[in-house]
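**Student:** Sequences and hints are given; from them, build the entire structure.
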Amino acid sequence: HSWNCPMPGTSWYWRSAMTDLTGKVAVITGGAAGIGGGVSRRLAAAGAQLRVNDIDADLIATLKQEVPDARTVLGDITEQSTVDALAEASADGVDIVVNNVGDYRPSAPSFKRSTPEQWQRLYELNLRHVFTVTHTLLPLMRSPGSLLNPPPPEPMRGIPTHAANPPFHPSAARLHPSG
Numbered sequence: 001h002s003w004n005c006p007m008p009g010t011s012w013y014w015r016s017a018m019t020d021l022t023g024k025v026a027v028i029t030g031g032a033a034g035i036g037g038g039v040s041r042r043l044a045a046a047g048a049q050l051r052v053n054d055i056d057a058d059l060i061a062t063l064k065q066e067v068p069d070a071r072t073v074l075g076d077i078t079e080q081s082t083v084d085a086l087a088e089a090s091a092d093g094v095d096i097v098v099n100n101v102g103d104y105r106p107s108a109p110s111f112k113r114s115t116p117e118q119w120q121r122l123y124e125l126n127l128r129h130v131f132t133v134t135h136t137l138l139p140l141m142r143s144p145g146s147l148l149n150p151p152p153p154e155p156m157r158g159i160p161t162h163a164a165n166p167p168f169h170p171s172a173a174r175l176h177p178s179g
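Sequential numbering of the sequence shown, starting at 1, is according to this note's numbering.
To be clear, the hints were calculated from the coordinates, so they are not data collected in a lab.
Not one of these hints is a red herring.
Keeping only pairs whose Cα atoms sit at most 25 Å apart, straight-line, the calculated SDA-like set for lysine to any residue is:
(1) K24 - S146
(2) K24 - T132
(3) K64 - S146
(4) K64 - A46
(5) K24 - T62
(6) K64 - E88
(7) K64 - A89
(8) K64 - T19
(9) K64 - T82
(10) K64 - I35
(11) K64 - A87
(12) K64 - D76
(13) K64 - G93
(14) K24 - A44
(15) K64 - L148
(16) K64 - G47
(17) K64 - L21
(18) K24 - P150
(19) K24 - A61
For clarity, every value in this text was computed on a predicted model and none was experimentally measured.
**Tutor:** The following block contains the structure:
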């Protein structure tokens, strides 16, 4: 017996459930693979023009094969020069920002053995880049814009043999023209 309704996980479901984003510009950090890669590909399938940052050149090359018109910025998003390059690639305006980057590394097997340098890197990787990317791109945002800051899954599931990673990420916002 055949059901005539979309089923989650099927391409038809995603095509029918996704809003038409033709003409919209989406910026995705960590957007070449993993959750960010899935977000990038879904937004592109809905018609969005992509501006993608990732730290892995091979993953960016794979994304470019799949989405040839994506503008990509290779680099560590915690470095201001990478954020500036992403803004330059997005100078024609931005409708959607997905601050996807987040990781539990570097972390020690226990908090007792962790170091202030590791805490600093976790802060830069999981929270500070959200502020720097958002602050840098805000003048380029069209109204109304969408800002998405998905939390990394590690604080919810934990990583065996690693110290807890605090949930740094804010969630989502709809931006008003006044910022």
